[in-house]
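Asker: Each chain is listed here by its residues.
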Amino acid sequence: MVSFATPWLTVAGLACSSPEVAVRVSIPGADAVEAPVPNLPLVFLPYDRDSIIAALEAKAPTPRPNAQTLDSLFQKFRMPFEAYAAAEGRAGKLRDSLEGIKRHLDSLPRNAPEYKTEYLRFSAGFDSLKALEKVRDQRQQELDKARSKLGPRIDSLRTAMRQWESTTYHGYDSLTTQLAKSRGRTPIADTTGADGRARVRLVGKPWWIYARSWDAQDPNQEWYWNVPVTGDSLVLDGRNGRRRPRY
Amino acid sequence: MRLRLRSLLLPLPLLLALEVHAQTPSSVPADLLLEARSKGSTTAPVTVYEMSDFQCPYCRRQAVETFPELERRYIATGKVRWVFINFPLTQIHANAAAAAEFAMCSAKAGKFWPIHDLLFKYQDKWAPLKDPAPFLLSLADSAGMGRDAVMPCLTTGEMRAVVRSDAEGAARSGAGSTPTFYIEGGLLEGAAPVADFVGILDSIYNAKVTRKQ
Numbered sequence: 001m002v003s004f005a006t007p008w009l010t011v012a013g014l015a016c017s018s019p020e021v022a023v024r025v026s027i028p029g030a031d032a033v034e035a036p037v038p039n040l041p042l043v044f045l046p047y048d049r050d051s052i053i054a055a056l057e058a059k060a061p062t063p064r065p066n067a068q069t070l071d072s073l074f075q076k077f078r079m080p081f082e083a084y085a086a087a088e089g090r091a092g093k094l095r096d097s098l099e100g101i102k103r104h105l106d107s108l109p110r111n112a113p114e115y116k117t118e119y120l121r122f123s124a125g126f127d128s129l130k131a132l133e134k135v136r137d138q139r140q141q142e143l144d145k146a147r148s149k150l151g152p153r154i155d156s157l158r159t160a161m162r163q164w165e166s167t168t169y170h171g172y173d174s175l176t177t178q179l180a181k182s183r184g185r186t187p188i189a190d191t192t193g194a195d196g197r198a199r200v201r202l203v204g205k206p207w208w209i210y211a212r213s214w215d216a217q218d219p220n221q222e223w224y225w226n227v228p229v230t231g232d233s234l235v236l237d238g239r240n241g242r243r244r245p246r247y
Numbered sequence: 001m002r003l004r005l006r007s008l009l010l011p012l013p014l015l016l017a018l019e020v021h022a023q024t025p026s027s028v029p030a031d032l033l034l035e036a037r038s039k040g041s042t043t044a045p046v047t048v049y050e051m052s053d054f055q056c057p058y059c060r061r062q063a064v065e066t067f068p069e070l071e072r073r074y075i076a077t078g079k080v081r082w083v084f085i086n087f088p089l090t091q092i093h094a095n096a097a098a099a100a101e102f103a104m105c106s107a108k109a110g111k112f113w114p115i116h117d118l119l120f121k122y123q124d125k126w127a128p129l130k131d132p133a134p135f136l137l138s139l140a141d142s143a144g145m146g147r148d149a150v151m152p153c154l155t156t157g158e159m160r161a162v163v164r165s166d167a168e169g170a171a172r173s174g175a176g177s178t179p180t181f182y183i184e185g186g187l188l189e190g191a192a193p194v195a196d197f198v199g200i201l202d203s204i205y206n207a208k209v210t211r212k213q
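Protein chains in written order, with the working numbering: chain L, 1 to 247; chain G, 1 to 213.
Think of the hints as simulated: they come from the structure by calculation, not from any bench. Check each hint, because a few of them may be wrong.
Computed cross-link-like contacts, DSS-like style, restricted to lysine-lysine with a CA-CA straight-line distance of at most 30 Å [as the list claims (entries may be wrong)]: (1) G:K79 x L:K205; (2) L:K205 x G:K125; (3) G:K39 x L:K181; (4) L:K149 x L:K130; (5) L:K76 x L:K59.
Here are the simulated distance ranges between beta carbons [to be verified]: (6) L:K205 x G:V64: 22 to 32 Å; (7) L:K205 x G:T156: 16 to 26 Å; (8) L:G151 x G:G157: 48 to 58 Å; (9) L:P206 x G:T156: 20 to 30 Å; (10) L:E57 x G:V198: 35 to 45 Å; (11) L:G92 x G:P193: 54 to 64 Å; (12) L:T191 x G:P193: 35 to 45 Å; (13) L:G238 x G:G110: 57 to 67 Å; (14) L:Q178 x G:A133: 21 to 31 Å.
All figures in this text were calculated on a predicted structure; none of them were measured in a lab. From the three backbone atoms N, C-alpha and C, an ideal C-beta is built for every residue, glycine too.
For reference, chain G alone in the conformation it holds in the complex (with noise of 0.2 Å):
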C-alpha cells in the first residue's frame, strides 16, 4: 500500500463532473449514475473515491474484508460518503470490463451495491471464463432484479462509454493500480487494511469538522 499526497494533473471529482456528464447517454442523468453507485450523505464532510477493478484480487480483498467494517464506522454514521469507481485493468484482466459495464447497467437499474457485493463475491466463478456474460446475467436474478432489467442496457453497450471515461478520469487522476483511493486531495494506494483507513479518515474528518466550527 502506498500513500500519497501530491499534485494532480486535475481533481478526480472534477474530473469525473466532466467526464460523467460528457458520455452519460441522455436518458439517465449523470448525477444519477454517479448517486446510484454512491453510499453515505451527500453532506459527509469526507468524500472517498474508490478506482476499484471487479477482477481485481486486492480490489475483492477491500471490498470483501475492509469495505464493511469502514460503512459501519464511517458511512453509516454521516462521516464519510463512498464513490465507486470503475477503472477496470483490461490488459491483465479480461472479464473486467464487462463485470464493470454489467454492474453499471445494474447501477441504472438501482442494484448497483448488491450486484457489486456479488461481484467480488464470485469473483473466482466468472473471472476465468471465457465468455462470463451467462454467469454475469445470473447475479442479476440472485440480486432480485431480474435480466430484464439489465439485457436492453447490456445490449446496447450503453455504459461502455460511462465505463471507459470512469477509467480515463481514474488514470488522469493520477492512479495506476488498483485499488486506489482518491481521499480529499490525497491518493491512497493498495489495499490498505481498516486501521489504515482509520488514521486517514478519522485525521480529515477531525480537520474538516474542527475547522467549521
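Chain L extracted, bound-state conformation (with noise of 0.2 Å):
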C-alpha cells in the first residue's frame, strides 16, 4: 500500500465542480400531513425509463392481464386496512402524550400539589388508552380476517400479472445498459437522510431521477416518480409523482 508522506489539505476553491442537485422528497403520512420520507433509495438514470417501458409494453404479445377484479380486492382489504391504521395512529398519540406526563411526574416530589392533578390526567388518559387499544386490537383481528380471506385470491392474481411484466418487460435490463452506454453515464444511486434530503452530484445531462416509496395510506399503494432533473434542486412529492397499485 503506498502512503502519501503529505499531510491532508483542504484548500477551497481550487477545482473545478459540477453543479450539486438537492433533492426533498415529502409525502403525506398515514395523518396526511406530508413528512419527510427518510432512507428512501433515489437512482438518478441517464435514460426515461418510463417511455422505455412504454414502448416495451406497446410490443408485449399478450395485452396486460385485467386488474379490476385485482383492484376490486384491493379496494375491499383497505376498508379494515384503514381501521386499523386510523385505531392504531388514535393509540399511539395518546400513548406518546401519556409518556410525556409520565415523565413529568416522576420528576415531581409525591407531596407537590401538582402531582395529584398530573396523576388523575394520567389515569384517565391510561384508561382513554385501554379503551382505544381494545378498539386497535378488533381493528386488527378484522384486518388479520380480511387477510386471509382476501389474500390468497389476492396472490394469485398478482401472479399472473408478474409473469406478464416479466415476459414484457425482459428486453428492459440490456436495453438500459446499452443506452447508458451510448450517453457515457452509469445510474447513479443514493438515498435521502434523515431529513428526507439527498445532494448528489451529476456530470453532464440529461438525468431522470426514479424513486419509490410506500403509501402510508394505501398499503396496497406506492408512491412512484420518474421526474427529469432540471436545475439544481427538485422536490417529490404528491404533485410530481404518482400512487400506483402495487400489484
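These two chains come separately, so use the hints to put the complex back together.
Answerer: The following block contains the structure:
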C-alpha cells in the first residue's frame, strides 16, 4: 500500500465542479400530513425509464392482465387496513402523550400540589388508552380476517400480473445498459437522509430521478417518481409523483 | 485541494483499458490513442492520470503554472508517466466537450500536447464563444498540423464516444471535480501547487524504487 507523505490539505475553490443537485422527498403520512421520507433509495438514470417501459409494453405479445378484480380486492382490503391504521394512530398519539405526563410525574415530589392533578390526568388518559387499544385490537382482528380471506385470491392474481411483467419487460436490462453506455453515463444511486434530503453531483445531462416509496395511507399502493432533473434542486412529492397499485 | 486515499469502484487504469478498448474507432488502436496523450516513459515507476477539463480555469492553472515544473522534475527524468483523461464538465462549461473532442482528434494526428498547451493558453478566448469551432480550428494551424489533419475526425465525430467514455471512467473512479489526479491508487483533488505534488510523487517514487531493490 503506497501512502502519501503529504498531510491532508483542503484549500477551497481550487477545482471546477458540476453543480450539486439537492433532492427533497416529502409525501403525506398516515395522518395525511406531509412529512419527509427518510432512507429512501433514489436512482439517477441517464434515460427516461417510463418511455422504455411504454415501448416494451407496446410490443407485448399479450395485453396486460385485467386488473379490475385485483383493484376491487385491494379496495376491500383497504377499508379494514385504514380502520386499523387510524385506531393504531389514535392509540399511539395518546401513548406518546401519556409518556410525557409520566416523565413529568417522575420528576415531581409526591407531596407537590401539581402531582395530584397530573396523576389524575395520567389515570384518565390511561383508561382511555386501554379503551383505544381494545378498539385497535378489534380492528387488527378484522384486518387479519380480511387478509386471510382476500390474500390467496390477491396473491394468485398478482402472480399472473408478475408473469406478464416478467415477459414484457424481459429486454429492459439490456436495453438500459446499452442506453447508459451510449450516453457515457451509468445510473447513480443515493439514499435520503433522516431529513428526507439528498445531494448528488451529476456529470453531463440529461438525467431522470427514479424513486418509489410506500404509501402510508394505502398498503396496496406506492408512490412512484420518474422526474427529469432540471435545475439544481428538486422536490419529489405528491405533485410530481403518482400513486400506483403495487401489483 | 483535497487529497484522499480510498477504495474506488474500479481502479482508473482498468476502467480506461475497458472503456477505451470498447469505444475506440477501429481505425485507431486504443493503446495508440492513450499513448498519444501520455508523456513520459512507459516504464516509469509512477503513473499519474490527470482528469481535466479544457474550459476549467483551475485546470488551466495546473497546466500553465504547475505542469511545466512537474514535467521537468519527474517526467523528463523518467520517474513519472503522465496521462491526460478528458473530464469535461458540460453542465458548467458549454465548450468543454468540443475542446476535448478537438484535442482527441489532434491526438490522432499526433499533436495532442501542442493543442493541449494552446487550448489552455487561449482558454479565455474560446471559452466564452457561442461557436468555438472556427477558433479551435485556427489552433490547428498554430500547432502546425493544418485543419485538414483534424477535419475528417471532427466531421465524423469519431472521438465523441472516446471523450464520453473518458468522462464516464473518471466519474466512476471517484472524480467529482477538475482537475483530479489519480496517483497510484489515491485521488488528489484540485489544482495543487508544485510543492504538494513533490511531496506525494517523491514519497510514492521512493517507496516503489526501494521496494524493487
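Asker: Hint by hint, note whether the structure agrees.
Answerer: Results for each hint:
1. G:K79 x L:K205: With Cα atoms ~38 Å apart, K79 of chain G and K205 of chain L exceed 30 Å; violated.
2. L:K205 x G:K125: 25 Å, holds
3. G:K39 x L:K181: 29 Å, holds
4. L:K149 x L:K130: 29 Å, holds
5. L:K76 x L:K59: 33 Å, violated
6. L:K205 x G:V64: 22 to 32 Å: 29 Å, holds
7. L:K205 x G:T156: 16 to 26 Å: 24 Å, holds
8. L:G151 x G:G157: 48 to 58 Å: The hint (48 to 58 Å, Cβ to Cβ) holds, given that G151 of chain L and G157 of chain G are roughly 57 Å apart.
9. L:P206 x G:T156: 20 to 30 Å: For P206 of chain L and T156 of chain G the Cβ distance comes to about 24 Å; the hint holds.
10. L:E57 x G:V198: 35 to 45 Å: For E57 of chain L and V198 of chain G the Cβ distance comes to about 60 Å; the hint is violated.
11. L:G92 x G:P193: 54 to 64 Å: 59 Å, holds
12. L:T191 x G:P193: 35 to 45 Å: Given a distance of about 37 Å, which is inside 35 to 45 Å, the answer is holds.
13. L:G238 x G:G110: 57 to 67 Å: 58 Å, holds
14. L:Q178 x G:A133: 21 to 31 Å: For A133 of chain G against Q178 of chain L, whose Cβ atoms are near 30 Å apart, the range 21 to 31 Å holds.
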